[in-house]
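Work out the full structure, taking the sequences as your base and the hints as a guide.
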Amino acid sequence: MSDASSVTVIHRPLWRVRLELFWKSVRTNWALFIENPIGVIGLAIILFFALMAVLHPILMKTVWDPTVYDPITGYDFEILRHPAPPSARHLLGTDPLGRDVLSQLMYSTQTEFILGVVAALITVTIGTLIGALSAYYGGVIDTLFMRLADLVIMLPFISILIVLSALFKLNMLKLALVIGILSGFGGVTVIIKSQALSIKVKPYIEAARVAGGGDWHIIVVHFIPNLLPLSFLYMMFTVTSAIFSEAVLSFFGLINIRMSWGIMIHTTQTAGYLLNVGQYWWLVIPAGLAITLLCSAFYLVGRALDEVVNPRLRRR
Amino acid sequence: MTRYVLRRLVQIVITFFLFQTLTFFLLYAQPGDIANQYLLNPNLPPDAAERLRQELGLDKPPHLQYIQYMKNFLTGNLGVSFTNYPRPVIDIIKERLPRTLVLFFTATIISFYVGFALGKVLAWRRGGLFEYGVTVVGVTLYTVFTPWFALMMIWLFAYKLNLFPTGKFVTPTLWQNAPVDANTVFGRMIYTGILGSVVAFVVYLLVRRLPPPTRNMSGILAVLAGLLGMVIPWVQSPLARYAVDILWHMVLPILTLTLISFAGTMLLTRNSLLETMREDFILAARAKGLPEKVVRDKHAARTALLPVVTSLVFSLAFAIDGGVITETMFSWPGMGLTLLNAVVQEDIPLAMGAFSFTGILALLAHLAADLLYAYLDPRIRYS
Chain C
6 MSDASSVTVI
16 HRPLWRVRLE
26 LFWKSVRTNW
36 ALFIENPIGV
46 IGLAIILFFA
56 LMAVLHPILM
66 KTVWDPTVYD
76 PITGYDFEIL
86 RHPAPPSARH
96 LLGTDPLGRD
106 VLSQLMYSTQ
116 TEFILGVVAA
126 LITVTIGTLI
136 GALSAYYGGV
146 IDTLFMRLAD
156 LVIMLPFISI
166 LIVLSALFKL
176 NMLKLALVIG
186 ILSGFGGVTV
196 IIKSQALSIK
206 VKPYIEAARV
216 AGGGDWHIIV
226 VHFIPNLLPL
236 SFLYMMFTVT
246 SAIFSEAVLS
256 FFGLINIRMS
266 WGIMIHTTQT
276 AGYLLNVGQY
286 WWLVIPAGLA
296 ITLLCSAFYL
306 VGRALDEVVN
316 PRLRRR
Chain A
1236 MTRYVLRRLV
1246 QIVITFFLFQ
1256 TLTFFLLYAQ
1266 PGDIANQYLL
1276 NPNLPPDAAE
1286 RLRQELGLDK
1296 PPHLQYIQYM
1306 KNFLTGNLGV
1316 SFTNYPRPVI
1326 DIIKERLPRT
1336 LVLFFTATII
1346 SFYVGFALGK
1356 VLAWRRGGLF
1366 EYGVTVVGVT
1376 LYTVFTPWFA
1386 LMMIWLFAYK
1396 LNLFPTGKFV
1406 TPTLWQNAPV
1416 DANTVFGRMI
1426 YTGILGSVVA
1436 FVVYLLVRRL
1446 PPPTRNMSGI
1456 LAVLAGLLGM
1466 VIPWVQSPLA
1476 RYAVDILWHM
1486 VLPILTLTLI
1496 SFAGTMLLTR
1506 NSLLETMRED
1516 FILAARAKGL
1526 PEKVVRDKHA
1536 ARTALLPVVT
1546 SLVFSLAFAI
1556 DGGVITETMF
1566 SWPGMGLTLL
1576 NAVVQEDIPL
1586 AMGAFSFTGI
1596 LALLAHLAAD
1606 LLYAYLDPRI
1616 RYS
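Order-wise, the sequence lines are chains C and A.
Note that this note's numbering has the first sequence beginning at 6, numbered continuously upward.
Note that this note's numbering has the second sequence beginning at 1236, numbered continuously upward.
Derived by calculation from the structure, the hints in this document are not laboratory data.
Note that the structure is predicted; figures quoted are calculated from it, not measured.
By construction, the Cβ of each residue, glycine as well, lies at the ideal position given by its N, Cα and C atoms.
Certain hints may be false.
Claimed, not checked - Distance condition first, Cα-Cα at most 20 Å in a straight line; then the derived SDA-like pairs of lysine to any residue:
#1 C:174 to A:1264
#2 C:174 to A:1403
#3 C:207 to C:222
#4 A:1395 to C:277
#5 C:179 to A:1260
#6 A:1403 to C:281
#7 C:205 to C:224
#8 C:174 to A:1395
#9 A:1395 to C:283
#10 C:179 to A:1261
Said to hold, decoys possible - Non-contacting residues of chain A with respect to chain C, defined by C-beta distances greater than 10 Å in every case (computed):
#11 1242
#12 1332
#13 1337
#14 1389
#15 1395
#16 1421
#17 1440
#18 1453
#19 1581
#20 1609
Okay, here's the thing in C-alpha cells:
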C-alpha cells in the first residue's frame, strides 16, 4: 500500500473532468462539421422539418379548426370542388378527399421522424452490440453474425418489405422494428465490427484486462463508447432508408398507416390525378419533395459526419 | 483463382439455402395458416385447392413441409399462380426474368461508368463550386423518392415532351399483326446484345496491341465495333421495327434507374480517390512531371477502383430495389412489377416465386461482383 499523500490530489470530481472533456470533443467535432457546407445544408433541412413537426399540434390548437384541417378526417365544406388549388385558406390546396394538404404534410412529418428515430435506434443498438461482441470474442459468434450479415446485405430490402407486407399486416411500429432489425444485422454490423477490431488491439484494452476488467466491463466501458461516433453516423443512413422504405410501401398502399407522405401520393394515385402533375401539382410535388428533402438531408449529415469521424477524408 | 471461385460458389449455394429457408419461415410464420391462403381463395376451383394442399403437404408436420418446399423449389415446381390460374408460377417467371435482367444490367453498367468518371473529376476538383453542385444533385437523385422521380420523368419526357412512351413493354397497335411474339424478338435482342459486347471486348483487346496513336482510341473503337455488332444482324431483318419498339420503351426506365443510382458510385469513387491521392506514389508521379490527367487516370484512379468495386456489392441490392420500383412505375412487365402485383392481389405463390428469384438475382450479382474484385486485386486470390 502506497502512502496517500504521494498521490496527486485531484481537486475536481471525476464526472466534471469527463464532462469537460466531452464538451471539448463536441466543440472540436462541431468545428469540423460546420466546415463542410454539405452537412450544414442537411442540418438546416432537418431543423426545418422538425419545426414543421412541432408546429402542427400548436396550429391545430390555435389557428386551424379541427373539423376542416384535421389531416385524416377533416373536410372543407365551403369549397365545392376538391382537390382545390392553393389559396389563402389552404396554402397548399386540398386533396381529392377535401383535406388540407399542408396540414397532412406537417402531421406526417412527426410520423416520419418517430419512424426514422425508432428504426435507427434499434439498428444502432443491434449493430453496435453485435459488432462489439463479434470483434471481442471472434470465433463462432463472429462467423455466425458475419455470414448472417452477408446474407442480409445481399438481399433487396424493399422487396423483402413488400413480401412481408403481403404476409403480415404491418403498421408503423412493426415497420420500424423490421427495418431496424434488418439493417441492424446487415452492413452496419460489419462496419462497426471492423472498427471494434482496431480498438481491440489498443494498449488501453490490454491495460484494462491487466487491471482485472471482465469481458463485459471491457465491452461496455471501453468498446462501446469508442464505437458510438461511428454508430451515430450510421444512424443517419438508417433514418434515410427507413423514411424511404416507409414512403415506398405506403405509396404502393401496402402498410396500415393512417397518414404519411407516401399515403398522400397514394391517395392522389387512387383518385386518378397522378399523371396530371402540371394541373394538380400540389397533390404530388409537396409530398414527394418532402420525402426527397428529408431523406437527402439525413444522408448529407451522415456524409459530413463521415468526414468528422473518418480522419483520412479530412482536408488536413 | 479456381480455388477461390469454387469456394465462393459453395458459399453462394449455402447462402441460397439459408435464403430459401428464410422464405419458408416467412410463409410458415404468417398469421393464420398458409392453407387458408390457398383454400379460401374464390378464384380457385375446389378440386385444384385439394390438389394444392397435397402438393404442399399442408397436412404434414412442419419439418416435412419444409423438405417438401425445398424439393418443390429445386424441381421448379413453384405452384400455380392464383391470378393467372392455371398458369404455373415458373412459367411466368421464365417470361419476365430476362426483361428485369436486361434493365438491371444495362442500368448498373451505365451508372457505374458514369459514377466512376464523375467521381474522379470530383476528387480532383475538391472544394470547388462544381463539387458542391454535383454532390448536392447526386445525393438528391440518390435519395430521391424513386416512385415520385419516375413519375416526374414520365410526366416530363412522355407526357409533356412526348418523346417516349409512358410505360409498358411494347406498343399494342404496332404488334397486332406481328409475325412473332414480343418474347421471341426480345430473346434475339439479348443474343445480339451479348454478341455486340463480345465483339467490343475482342476489338478492345486487339486495338490495345497496336502502336500508341491508335491505341489511345481503343475505348471509342471498341464501343463503335460493339454497336456495329449489335446493329448488323438486324439490318435486313423484318423484325427490326419491333426491336426498335422495345428499345424505345426501354430508354426511359434505364435513364431513370441510371440517374437514381450513379451517385452512389460517384461519391465512393471520390472518397476512395481522395485517400489514394495522399499516397506517396502519386507524389512521385507528379514529381516525374506527368500531366495531371495521366496521374489521375492511370495512377490514382486504378488504385481507387478497388474499394469502389467492393461497395458495388453493397449497392447491388439497392439497384435491384430501385429496379422493382422503376418497373412498377413504368409498368415494365419484369420481376418487380410481378412481385408487387402478386402482393397486392394476395397471390402468395407468385409473390414467393418472384421474391425467390429476386433473391437469386441478388446472390448471383453478388458473386459476379466478388469475382470481378478477385480478378482486379491479386491479394484476394491468394489469401
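Hints and how they fare:
1. C:174 to A:1264: Between residue 174 (chain C) and residue 1264 (chain A) the Cα gap is close to 12 Å, so the pair holds against 20 Å.
2. C:174 to A:1403: Violated, at roughly 30 Å.
3. C:207 to C:222: holds (16 Å)
4. A:1395 to C:277: Holds, at about 18 Å.
5. C:179 to A:1260: holds (18 Å)
6. A:1403 to C:281: holds (19 Å)
7. C:205 to C:224: With Cα atoms ~10 Å apart, residue 205 (chain C) and residue 224 (chain C) stay inside 20 Å; holds.
8. C:174 to A:1395: With Cα atoms ~39 Å apart, residue 174 (chain C) and residue 1395 (chain A) exceed 20 Å; violated.
9. A:1395 to C:283: Status holds; Cα separation ~9 Å.
10. C:179 to A:1261: Holds. Residue 179 (chain C) to residue 1261 (chain A) sits at ~15 Å (cutoff 20 Å).
11. 1242: holds (13 Å)
12. 1332: holds (14 Å)
13. 1337: Given a closest Cβ separation of 17 Å, the condition holds.
14. 1389: violated (7 Å)
15. 1395: Non-interface label fails for residue 1395 (chain A): nearest chain C Cβ at 7 Å, not farther than 10 Å.
16. 1421: holds (23 Å)
17. 1440: holds (32 Å)
18. 1453: holds (34 Å)
19. 1581: Given that some Cβ of chain C is not farther than 10 Å from that of residue 1581 (chain A), nearest at about 7 Å, it is violated.
20. 1609: Answer for residue 1609 (chain A): holds, closest chain C Cβ roughly 16 Å.
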